[in-house]
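Mapping of the sequence shown onto the numbering used here: residues 2 to 334, in sequence order.
Just so you know, these hints were derived from the structure itself, not from any lab.
Note that CB positions come from ideal geometry on N, CA and C, so glycine has one too.
Take the hints with a grain of salt, since some may be wrong.
So the derived label-pair ranges between C-beta atoms look like this [what the hints assert, rightly or not]:
no.: 1; residue 1: GLY150; residue 2: ASP303; range: 36 to 44 Å
no.: 2; residue 1: PRO268; residue 2: GLY332; range: 25 to 33 Å
no.: 3; residue 1: VAL61; residue 2: ALA118; range: 18 to 26 Å
no.: 4; residue 1: GLY18; residue 2: VAL61; range: 38 to 46 Å
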Amino acid sequence: MSTVPLSVLDLAPVCEGSDVAAALANSLDLARHVEALGYRRFWLAEHHNMPGIASAATAVLIAHVAAGTRTIRVGAGGIMLPNHSPLQVAEQFGTLAALHPGRIDLGVGRAPGTDQATARALRRYFEAADRFPQDVQELLGWFQPAEAGQAVRAVPGAGLEVPVWILGSSLFGAQLAAALGLPFAFASHFAPDAMDQALQVYHRDFRPSRQQPQPHAMLAVNVVAAATDAEARRLFTTAQQAFVNLRRGRAGLIPAPIDDIEAFWTPEEKAGVERALACSVVGGPDAVARGLAAFAARHRPDELMVVANIHDHQARKESYRIAARAWGLSGGV
């Protein structure tokens, strides 16, 4: 199993009873922790107007985490490209790559990462969403070596090796990643419905490129691990509550776990959450080892990205340690 790398997606969660400053400090502490355990990447995601997520200024937080770690790759999972100009993104990630050579990843997506009102406040989204394929190609162009007489160039950025990934939760991202010959990360941790078909399309239609001569697909999976199955299931109620709250229009801080999730949601809400979180492995060490192995054997990813939406920071660190040991990572033994 350890031949398939494990990586981490972090949203800098702001938990009930805490604040943004603690969330940002916890992200760096978690990155150092998983670096020692042997995880390959530590990605942060762009979301806006969500009280429970502190990673809106994604490039800034990547700089903070990269400066506080030594070997783990740090990147965006992702930057919502229609919110930005491709040149600005190239300059930001060119700066990061110059500061931390060989350690920066840039995943890009076409969703706004927020609600419609906030998307309008971000100004670019509704004008640029349909131009996502062209914006990706423009972004790739800014990382090419500048030519003599080129009127505009990305400084820093031009000529730097910044791996660009396409993120997606549908067939669109798979088709684009295949056409451009880029690695593909699927958001199976919250939108798994099209996962198998997207992987099939990506591998079938992949065109080799200089960056990626062969297809490389990463799948995200929720992993909540604890000493016992019962404790893991209790910790998982944090993610379950957060999804229900979001769909009720009450997005807030990350909630503490509860003893009886059945008393919290309606049958309709339960069905919706179970569908959204179908790619989840929850349990003690043995259950996590079996669940991760079964998921990898069924879907054959080139890489797995672990998501652990856990209220208590120490419990979250322990969950990643248990997962690392279950997977056979060098630092998890």
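Hint check results:
Distance hint check: the CB atoms of GLY150 and ASP303 are about 40 Å apart, consistent with the given range 36 to 44 Å. Between PRO268 and GLY332 the C-beta distance comes to about 42 Å, which lies outside the given range of 25 to 33 Å. Checked against the hint of 18 to 26 Å, the C-beta distance between VAL61 and ALA118 comes to roughly 23 Å, which is consistent with it. At roughly 25 Å, the beta-carbon separation of GLY18 and VAL61 lies outside the given 38 to 46 Å, and the hint is violated.
Checked against the numbered hints above, the structure breaks hints 2, 4 and satisfies the rest.
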